[in-house]
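All chains, please: the whole structure from these sequences, using the hints.
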Amino acid sequence: MISELGDAVLVLAGLECVLLAVIVVLRVLLRRNQRRVDQLRPSAELAIARYLATGATGAAVRPERRPAMRAIWRDVALEAMADLRGSERAALAQLLDDLGYVSEATVDLRSRRRPVRRRGAETLAAVANQRSLQALAAGLADRDVLVRMTCARALAEGSGTETKLPEIVSAVDRDVYAAPGAVGDIVVALGREHPEALDQLLASDAPAEVRSIAMAVIGELRLERHAGRLREILGERPADEHLAAAARALGMIGDIEAVPPLIALTEDESRAPATRAAAVTALGSIGDPCAVGSIAALVRHEDWALRTAAARALSGLGTMGRLALEQAAQSPVQPVREQAQAILQS
Amino acid sequence: MITFGIAVFAFFVAFLVVHTGLLIAAEIELHRYAVRTKAIGLRQRVRSPLAPPISILVPAYNESLGIADSVRSLLALDYPRTEIVVVNDGSTDDTIERLTEEFGLRRISRPTPPYLKHTPVRGVYAPTSDLRLLVVDKENGGKADSLNAGINFASYPLFCAVDGDSILEQDALVKTALPFIEDPIRTVASGGLIRIANGCRIDAGRVTEARLPAEKLPMFQVIEYARAFFAARTGWSAIGGLLLISGAFGIFRTDMVIAAGGYRTGIVGEDMELVLRLHRICRLRGKPYRIIYVPDPVCWTEAPVGASVLRRQRRRWHRGLIEALYIHRRMMGNPRYRVVGLIALPSMLLFEALGPLIELAGYGVSIAALVAGAIAPLGFVLFLAVAILYGQFLTLGAIALEDATFNRYPAWGDLRRLLGYAFAESFGFRQMMHLWRLEGFWQLIRKSEWGAMDRRGFSGSSPGQSRSSH
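Residue numbers (our numbering), protein chains in the order written: chain A, 1 to 346; chain P, 1001 to 1470.
Hints listed in this document are in silico derivations from the structure and should not be mistaken for laboratory results.
Hints may contain errors.
Short, incomplete list of chain P residues facing chain A, as computed with Cβ under 7 Å [unchecked claim]: (1) S1048; (2) P1049; (3) D1078; (4) S1109; (5) I1181; (6) Y1289; (7) P1377; (8) A1387; (9) F1393; (10) L1396; (11) A1404.
Quick look at which bits of chain A chain P covers, simulated, 3 or more residues with Cβ under 8 Å [claimed, not checked]: (12) 2 to 11; (13) 27 to 33; (14) 97 to 107; (15) 181 to 187; (16) 291 to 304.
Reference excerpt, derived from the structure (chain P facing chain A, CB under 7 Å, subset only) [stated by the list, open to error]: (17) A1025; (18) E1027; (19) P1111; (20) I1185; (21) L1378; (22) V1381; (23) L1384; (24) A1385; (25) Y1390.
By construction, the Cβ of each residue, glycine as well, lies at the ideal position given by its N, Cα and C atoms.
Shown next, in the form of structure tokens:
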């Protein structure tokens, strides 16, 4: 027993020494790396800033051959591109292409190592010029979901990528459960650059989660062209969460034609109060006074959220809404009275 | 004696297996995190119109001195859509007057939403400007009660609970919200890293230079926090067994917390209890979910400097831990709760709740056996050496993880101090902490009723609520 314990002490002491050595070596390496970055980064930043400020051609910038410097150059350029728009962004993208980064990233995208493929996809997505499109399209079939999503987002953001839309849509459908956040970004990009593609995402055979995301994006971006489809969804009697998402989107768009189906939804007692509250809020945003009657009845509803949504919506429905709110402010029921008074005073 | 020896040996082996596993899981997770955050373009993701807005809840009790700075620094955080909800928990100082003066507040009429119960609201205040700030003035009810009031008044789908005396880094909210942006369906809660602010340079409510504390006790706590956050929580989160998101800094889905009934009042460990309840409810609903610890976002908090305050803190934390475990005892060992029920909760019970008792009893019995001649002196010394060396190995592992990833204390002098305290911790500090935690246990046993805890606001409450898992 004692000899085993002695061995254990020796092993642990040895492991501690190894760990100490690892900590020290790591520190030395990290400090050396940091010193190198500190030394090289300012020159990369200066060169890029000078290039953007003077509008010099790519040929005026000397291509870096040292791998460390090339990596720093790429990082600085990608960081700058995240904040740039329009011609400056395009100029920097062209510079990266001229300096060989697009070719390099295309090769990276075929690497066996996932971090390298991700880095390649990020570079190509940032540049997103005609030369990188082919590689990005190939990236849609990558085995790593982040690489696929990065490539899909870049293609969705790009112009001249209409032929790739079916592939982007199928990537969205396939990966929505693995990476719903990244899919959200792609749908936002599609909504901005190719709003017609959202029709497919709203189709009744699209995954439920994709439909929810598409409806949220349509609302946030106020894409009026999809209002008709959203009204159809209200009529299709889908699950409560889809109804609420469609109602919210129609409210944000301000679609006047949606008022009758939204009124019907507010009156549908088989639906959850939260869904009805979404319809009430949408009616308040659209601002059509013909909804006052239905909403005024809900100011006395037992559900607090629905009651609050109704009181708030009435405040946005002109004189008739205000009159209904003033009536509620005289209610003998204390919570109803307080709620209405608070909205009237705000 | 032989049975006792076998029990101690089994405890030690179980400790070794679980904690080495956690250290390995933490290493893998930290590497994954570094690769992922580098690839995803953080700023771009947060700019998305789909990034969920967040209500930041700040419970405040007698925080007149620092509350204005805290609110100002929270208003300046990097995140597109936030609102700040300060809940004044019946302060007896001029917290409300200070806020009114600083932010031009006026009293508004706002009925109290009925989702969660809390003490009566005395008034609601909002600024005359368009600042997204709401101040709820309520009667004293404690931190959990204040957070429940804050949740009621929160308008957004996510809320972030922050201690009034903590300092968040500029991008802490963005990083902690990332799991919700990446996976809005499954993510239920996420927590960030708490670091000790003692010794740091702080200007206008921001930590401008990270430094180690000059005092001994806060230095030991830096070591404890490193082990708790870098090894334990990262590891537990990686395997889906995270049991605690610090009350000082965590983001939660508002609807889920309301559905769970909010923070439980009348107990000390309301933060851990809520996380356990969320695990329970999500499992029972049968839908996939995630409760995540993000190893990078930093919330700075002040650690106790004096022994008496630290002693009170540790006694309270231990009581909180045992309360939470007792309340959710049916989850313990229950396969329905998978990693949480089968590994995390039993480990928490064995190594955290009962650990101090077992370890101190081990010392006592071993010394008694040594005096009685039942064990050889060399065997005793060697067993003690194994226990101490393994504890130090785990600490060094946590320091190595911190160093290799975020390296917030880059000076060689800082490393020397960290290592020195890591070694010194096993000789006195650790045993003292165990003793204080046992006192907390004893206090709890002496109380006849569960939940009849002191409720005197939370001005002296733990800044980190980060029970160290070592």
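So, going through the hints one by one against the coordinates:
{"no.": "1", "hint": "S1048", "verdict": "holds, 6 Å"}
{"no.": "2", "hint": "P1049", "verdict": "holds, 4 Å"}
{"no.": "3", "hint": "D1078", "verdict": "violated, 14 Å"}
{"no.": "4", "hint": "S1109", "verdict": "holds, 4 Å"}
{"no.": "5", "hint": "I1181", "verdict": "holds, 5 Å"}
{"no.": "6", "hint": "Y1289", "verdict": "violated, 13 Å"}
{"no.": "7", "hint": "P1377", "verdict": "violated, 10 Å"}
{"no.": "8", "hint": "A1387", "verdict": "violated, 10 Å"}
{"no.": "9", "hint": "F1393", "verdict": "holds, 6 Å"}
{"no.": "10", "hint": "L1396", "verdict": "holds, 4 Å"}
{"no.": "11", "hint": "A1404", "verdict": "holds, 5 Å"}
{"no.": "12", "hint": "2 to 11", "verdict": "holds (count 5)"}
{"no.": "13", "hint": "27 to 33", "verdict": "holds (count 3)"}
{"no.": "14", "hint": "97 to 107", "verdict": "violated (count 0)"}
{"no.": "15", "hint": "181 to 187", "verdict": "holds (count 4)"}
{"no.": "16", "hint": "291 to 304", "verdict": "violated (count 1)"}
{"no.": "17", "hint": "A1025", "verdict": "violated, 17 Å"}
{"no.": "18", "hint": "E1027", "verdict": "violated, 11 Å"}
{"no.": "19", "hint": "P1111", "verdict": "holds, 5 Å"}
{"no.": "20", "hint": "I1185", "verdict": "holds, 6 Å"}
{"no.": "21", "hint": "L1378", "verdict": "holds, 6 Å"}
{"no.": "22", "hint": "V1381", "verdict": "violated, 9 Å"}
{"no.": "23", "hint": "L1384", "verdict": "violated, 10 Å"}
{"no.": "24", "hint": "A1385", "verdict": "holds, 5 Å"}
{"no.": "25", "hint": "Y1390", "verdict": "holds, 6 Å"}
The earlier numbered hints that this structure contradicts are 3, 6, 7, 8, 14, 16, 17, 18, 22, 23.
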